[in-house]
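Chemist: Each chain is listed here by its residues.
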Amino acid sequence: MKEKPDVLQGTLALMVLKTLDVLGPQHGYGIARRIEQISGDLLAVNQGTLYPLLLKLEHEGSIASQWGASENNRRARFYRLTAAGRGQLLAETREWEQTAAIIARFFNAKAEDLA
Amino acid sequence: MKFLRRFFIRLSNFATRRRADQRLREELAEHVALQTEENLRAGMSPVEARRQAVLKLGAAQAIREQHHAEQGLPLAENFLFDLRYAFRMLHRSPAFSLIVIAIMALGIGATTAFYSVIDATLLHPLPYPNPSEIVRIEANLPGVGAHDVGFSIPELRDLQNSGIFQYVSFCFFGTDTLTGSGQPTRIAGKTVSPSYFAVLGVDAQLGRTFDPHDASPGSNGEVVISDGLWKRAFGADLHILGKSIRIDNDLFHVVGVMPASFRDQGQTSEEVSTELWAADGFYGDPSSPPMRGTRTPYETIARLQPGLSPKAAQGRLDALVASLKKQYPVDYPPQAEWTFHLTPLAETLVGNVRQSLILLFGAVGLVLLISCVNVANLLLARASARGREIAVRQALGAAKTRLIRQLVTESLLLFVLGGIIGFAILFCARKFLLQFVPESLPRLNDISISWGVLAFAIVVSVAAGTIFGLAPAWLMSRLDLTTTLRQEGRGSNGSRKRSRLRHALVIGELALSLVLLIAAGLLLRSFWDLFKVQLGFNPTRVMAIETSLPNPNDPSTDIYRTATQESVFLREALRRIRTIPGVKETAVSDRAAIPLGHGENDLRPRPLIREGQDVQSSQPPLIDTSIVSPEYFHVLGMTLLRGRLFADQDLEDTPSIAVINQAAARTYWPNQDPVGKRVSFRSRAAEPGWTTIVGVIADARTESLVDAGIPQVYLDIYQRPAKFLALYLRGQVDPATISAQVRTQVQAVDPEIPVFHAETLDDVLSSSLSVRRFSMEMVALFAGTALLLAGLGIYGTISFLVHEQSREIAIRLALGAQRRDILKMVLRQGLTLAAVGAGVGLVGALIVSHLMAGLLYGVSPYDLSTFAGVTAVLTAVAIAASYVPALRAMRLDPITTLHAE
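Protein chains in written order, with this note's numbering: chain H, 1 to 115; chain Y, 1 to 901.
Bound conformation, chain Y alone (with noise of 0.2 Å):
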């Protein structure tokens, strides 16, 4: 306490202290005066009265000045002193100041833009109260290698009677059409247990979420929409609540409003934006009555009992399996390791990008690193040019200390202001940069330039500056006084230590930029492969639209209940697509067929049983399922290899069959034909609904770029209804009105029928291949930036060695040296540097490299060729760096150079 007082009272003086000193000095002269007056009386000269009252004072001046540092902060002043001198030294080399300022704004700036995105994406994932206690939920097979196979209604009860969580939902995303008003509009929308807000700890800003002890076993009719969806389709309605709306041609009431600021939790941008969940409690479909092993590939949130961790949650989740395997040994067979998996919500959000932001955000560390090194090896030049200003001050009394705090100073003011620009541009540039990140990024809307991002980018200038500032300064501080002052007017050759700290540094640099070039080498190396990979279809020309048949809840209101059904209004409306001019071949399927462009809920893996092998097993592997027409396959130039494809004569009421590929033939059935082979997808019911396989199609990328070897199996979309459906159209069209032609067409078969999102199949493999091409190019503008700050690192230390070896050279071309030697004993110094530098960052490079493995594609880690063509580059760019001093000691005059001395 009394110390805290006593710094109020220094800081208050620090404020005041003119005054105080002001008076100080007052009341000393008036002491003088009155003695002096004293003396005079006393009989003594005025001269020497005047004398003894001073020395009878003391030092006046030292009372002052000890008086100022007993009751003042020192630092604080010393520091203002500092930095006014800074700014003077800053202002006398404005050409310097002004690179060194720069190159640091470059640095901090993209350090800091990185920030913001990672701050937004891994630091701050969940927007909700406590997000650490929200976890996922997933359901695996290890035993037959199959991952999150989802819930049956038996096992979600389990879940939430089991005492770990507060609250468990389920929830599934999907599109919804909203009909009633206008234009049928689809939209985001999930249905969720009604628990799902309670996980998430969120409340309505009109109106209520929905009550999570509802145990209606359906859907209870309620729905909550988004604050955007309302102001859109509503005009902000006050008297929304308890209003009636169809959604698939259900009736609903909407009960409440979500606040502007809430986002839905959710892998994808457009899962984010979902406007619109409806509640239901899962288990009122009479058609499949609660059964244990009959499960849905629902999504599973929960929110912890408060204090629990994930780890001992999940210990407890462990035991509940156990004792459920023993309580229900006929559902969960041993072989097949059924086991609950639980991950903290925030880490399954951005889990297929967090490598590619680490990558990133490690990439402008390095480049940041690269922008001190140089700056330090910038400001160890010029300290070495103040080398007498330095030599002066100490010999003039100047404390080590506080020599390298004046100079700690400089640079920090340099730091500071790179930092202060960088962090400025970088905010009025946001909204541009922003064009740049790809669009599949999670979370991309959060991305916002914070306090948080602003105390990121000084606290990074400030740390930066203090070290980097703090090798020149201390190196500076330990001037040999006597050489320095005798040398410095003269062109000194300048201490080693100095000297050697700078070539550490441009290793150090060159270094670094060779492990950002090899990373960014082997990233494009990937990307290309990537690029050129044989599909296995053709995307040209073929253009995607999506549109969905209503969803109803009561199955009897459906009037595409069954494929007949269905497949009148299909052939009527691809029919009518035909004759939009351009229009060459049209063919239709399920959302999970979309080559690369459906989204991870498409996806229904089945329970694949083959007759014969694994009728008894109750776990039969699971296997990618896509509902198609029969012109798909030729749409999409996929290859036939053996048997046939689906034909017009197949319908609801012939036999059903499958067409699969070969990665499926390979892997279920090795070295047989499968075609005429049966299989069933029903996994548990009494009758399997035998399917004939009539044709092995060859290998497509459908589902992924990287693996071409996925199993698929394809069903006949006039055998099956799907509801989710893509239309493709090969030919010659307008990409912006074909949207419009197509819903022209297919509403006028069915007016209540949505028609969205069309996209050719070639931008939807680029965008697949967003995430990879962003990091990509970014790595590559950071290497290439590291390239050049590395260049000029090595221009500057060549450069400042021919001047302090001029003399040298001068006197070596005196006594006959050829010129061409000179040239080669600059460029040899310029090519250690190199090779050093080079030695060190393949190291470096090999590690990391290492550490991005599963990024790569096609390309080993430590492909040779990349690591020795980013070698040779960098030894080239070292050269040619070195090569431009090289050149001015060439072509150095001796009697000039000496002359000068």
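Bound conformation, chain H alone (with noise of 0.2 Å):
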């Protein structure tokens, strides 16, 4: 079974991490919506792929949920960042400061530079 190259999920994945360790324990739809407000199009649609991601960071242990009441009082399920998942996020951001700093420089680089 191949797994697809997916940087979208894999941003993704990152985008929920940081969000949890900003704004501490959210549910689904909290999640999405901050996501959304910071990210603009990148979940205008398809919001409902957030949900098998976040049984899957579960399943990796990198977050836990629990049932808790939203603020209009309904019933939902809160996501927090586990010890695991706070180092995985700390892992990955330095990941993606590296690989950033790497593709600007390259993006930033004149002939003369090269020469």
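If you are wondering where the hints come from, they were derived from the structure by calculation, not from laboratory data. Fair warning: this is a prediction, and the values are worked out from it, not measured in the lab. Idealized CB from N, CA, C, for every residue including glycine. There may be inaccurate statements among the hints.
As the list claims (entries may be wrong) - DSBU-like mimics (lysine-lysine), calculated; alpha carbons at most 35 Å apart, straight line: (1) Y:LYS584 x Y:LYS497; (2) Y:LYS231 x Y:LYS243; (3) Y:LYS400 x H:LYS56; (4) H:LYS18 x Y:LYS56; (5) Y:LYS497 x Y:LYS400; (6) H:LYS56 x Y:LYS56; (7) Y:LYS497 x Y:LYS532.
As the list claims (entries may be wrong) - Some but not every residue of chain Y turned toward chain H, in silico, with C-beta under 8 Å: (8) GLU27; (9) HIS31; (10) LEU34; (11) LEU57; (12) GLY58; (13) ALA60; (14) VAL202; (15) ASP203; (16) LYS584.
To be verified - Computed beta-carbon distance windows for the label pairs: (17) H:GLN66 x Y:PHE8: 19 to 29 Å; (18) Y:LEU481 x H:THR93: 16 to 26 Å; (19) Y:MET44 x H:PRO25: 39 to 49 Å; (20) H:GLN66 x Y:ALA463: 42 to 52 Å; (21) Y:PHE8 x H:ILE103: 46 to 56 Å; (22) H:ILE102 x Y:ALA463: 51 to 61 Å; (23) Y:ALA398 x H:GLN66: 40 to 50 Å; (24) Y:LEU481 x H:ASN108: 52 to 62 Å; (25) Y:PHE8 x H:GLY87: 15 to 25 Å; (26) Y:THR401 x H:ILE103: 34 to 44 Å; (27) Y:MET44 x H:ILE103: 34 to 44 Å.
Using the hints, put the two chains back together into the complex; each one sits in its own frame.
Modeler: The structure is reproduced here in structure tokens:
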């Protein structure tokens, strides 16, 4: 069984972790709203794809969930970052920054720099 | 590692998938609800708010399915679905399922049964640690045509000191008489050198085995007994160690008891169930000090140095032989070509039945193959009937691989169920079935239905189900959708490819059955020829009963040391036995003279030195010798051709005389009269001790049913004593009580003498044919089954053809075709299949019969009448099987048929 090279899935996971890190425990809808607010169109459609990801992250131990009540008193599942998730977030953030820095340097490079 | 972890997550998901899916569904619903609320707050109408929320969420069902596919095990899930579907299909057509399962149960059950025999005999013949290290060593003299001539003590020492082996042990099997408690019992015993158990690598359960480094020259008085003997004769006495027992008047003390699971090595079941092992150094006999040229036919087994292959060991052994020949040129004359030959012990134990077993396993494998082909044919027929269903599925978008998987699952289910039922029947009937296995089969007692056998049954069913389910499934998945959907409703004439495959399957079935039938025919003819062979002796109403005189190691305690001492006992015993009602004549001989009934170890071939011819040669030919009483020839109905037989006046102190058979006369005195010639049987003694040949008898098949021409020498028992004896009784006696009657009479003379193993010579004769009879019966049974299956196969195919062509036939009839022509047309189709099948089968049969030439007797492997007869039988069955559907075709009513279309 081949895994699709899903950059989006990877970034989405990172976004979820970061959102939970910054805002503390959130339910699924809340996470979707935040990501939408910050990233604009990225999650405008197919917000549903978030949920399989949450399930997967929980399976992998990066986040944990429990039942709670939402602001308008609906029963909702709240997700929070675990210690392992926090570690993963740190590592992935570092990786992203490195990658971004390298890519940035490439984009800024001029012909004379490479001569 | 990562892959593994992912797999386990998937596996756990597979188990909890309902829960995860449930949660996903809840959360998605929750999301939609929250979004709808928000949209409402933003001022949308309730319907629009919900619509927008669902749109934003995306395709919820697809998300769930994708998650499922990514996180679960779709293959396993589909398999479960298919399995459920397959069970439903099985249920829907119970008759079809029952037939398929029954055929497979038969095929797999029979194959598994034979596998269990092969497993015990050929695959695991030695229940000892590192069995591949154990070898048997034989000394041969190919230059004088002598095999397994035995070893002299110095040669045995050379082997021990060669460094090729960890341990070398010599042994000989015999029967001993255990006396001291009640009735003297005769037990199977072995005299072994002290390293015997070290070679086998087995230790005692109580006490110890022999010390492999014990260097006592003769018997050291130690015996090890079997668990069975310990329980039977000594009541499982825990204080048995050190106790004294008397064997053949010699005093021994028990040092160990072997575990219950221990089986000795040996070629006969008698030898395998040895109960007593006595240690002996083999060079303590004061009458014959160890001389290089004095060989005794010990059996020699050895354990190779670890890591040394038998081939490498043979190489080093050859080098040893070469150096010994150089060192002792007088003892090893070059023309004798003395060699040591080493064989893995496992191979020697089943040597004589290996070919029969392989033949039977091949035959049963063919039956399995035919069953599979038959079932494949049935599956294909059913799949054709399901063409519409499959076409619809395909039209609805089922992938081909998915369809194939489903069809294969269905056939797998049938095959595995068949396999399980076959195995279950075998397991329940194992005791009953074992009765049919001839007792002379080595390791008969070790045949068991073990886990390995179960694994074999399962592997075979799964493999057969996959292979034979795949072809029909593959063909069905390649249906032409439009034609099928348009036609299938109204009795189509099927795809040409499918009918071609069906024809190929039937042809294969016929060919395989022909191979089996010809093998069975050839075996039957050999058996019949052997059964009808001119024996040269008359076994009718003759009974042989064994007895043995004590054979103590200390000659001074032997009360039957000389022929004169022994003859007093023998004459009195025979006189008393003649008084038993019904007994007309009696005789006595050593065990080697029991026609067809003695063991390999009873033969003691002796060197034959002819006066004036090869006195100087130290490598005379070896000849089988038997020691018999004068009446032996008459009791067994052997004909004297020239000279005279033994008479009462021939005694120990009169000149030694011998009778030979015609084969010996022909071989050693060609174109001469052997009567009056003198021979000696002592190759290296200073005093030759001449024996005069006084008579020649006609050849008899006393040594082997197959070979009438084995040279034999008979010596007079009143001139040469023998210890292991057979008493012969001719007359009308009751086999059930005769043993006891003879025992009473013999023990009236000497109460220490055991009497055992009464058997009529007719029984001996038939049991000497038992392995042949067994293979013949089995192959005949398999061939019959194959013929039946092939008949069913051809019947099914022709019926199907008639069904497919019913429209064509109806039109022909409507246009005025004669009904006879229709009959002919159908029969021709059957006959064509039979002819092609027979053609292919004949080629296969030629190969097989060539391979089994060694099992045949009196019939050529290419026997024309067998080949022709069997082909005729097969053709007749094919015609008969096509006749029923042909009749149906002939009686077709054109109007109804065409209307129904």
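Chemist: Hint check: LYS497 (chain Y) vs LYS532 (chain Y), CA-CA at most 35 Å. Holds or violated?
Modeler: Violated, at about 52 Å.
Chemist: For the hint on GLY58 (chain Y), just tell me whether its beta-carbon gets within less than 8 Å of chain H.
Modeler: holds, 4 Å
Chemist: For LYS584 (chain Y) and LYS497 (chain Y), compute the direct alpha-carbon distance and say whether it is at most 35 Å.
Modeler: Status violated; Cα separation ~76 Å.
Chemist: Is the distance from the Cβ of THR401 (chain Y) to the Cβ of ILE103 (chain H) consistent with 34 to 44 Å?
Modeler: This hint holds: roughly 42 Å between Cβ atoms.
Chemist: Take the C-alpha atoms of LYS56 (chain H) and LYS56 (chain Y), compute the straight-line distance between them, and say whether it is at most 35 Å.
Modeler: holds, 21 Å
Chemist: If you check the beta carbons of LEU481 (chain Y) and ASN108 (chain H), does the distance land in 52 to 62 Å?
Modeler: holds, 60 Å
Chemist: Could you grab the alpha-carbon distance between LYS497 (chain Y) and LYS400 (chain Y) and see if it respects the 35 Å cut-off?
Modeler: holds, 17 Å
Chemist: With 8 Å as the cut and Cβ atoms as the points, is ASP203 (chain Y) at the interface with chain H?
Modeler: violated, 53 Å
Chemist: How does the Cβ-Cβ distance of ILE102 (chain H) and ALA463 (chain Y) compare with 51 to 61 Å: does it lie in that range?
Modeler: Since ILE102 (chain H) and ALA463 (chain Y) have Cβ atoms about 55 Å apart, the given range 51 to 61 Å holds.
Chemist: Do GLN66 (chain H) and PHE8 (chain Y) keep their Cβ atoms within the hinted range of 19 to 29 Å?
Modeler: With Cβ atoms ~24 Å apart, the hint holds.
Chemist: Can you confirm whether the C-alpha distance between LYS18 (chain H) and LYS56 (chain Y) stays at or below 35 Å?
Modeler: With Cα atoms ~23 Å apart, LYS18 (chain H) and LYS56 (chain Y) stay inside 35 Å; holds.
Chemist: Against chain H, is VAL202 (chain Y) within 8 Å by beta-carbon distance?
Modeler: violated, 51 Å
Checked against the numbered hints above, the structure breaks hints 1, 7, 14, 15, 16, 18, 19, 21 and satisfies the rest.
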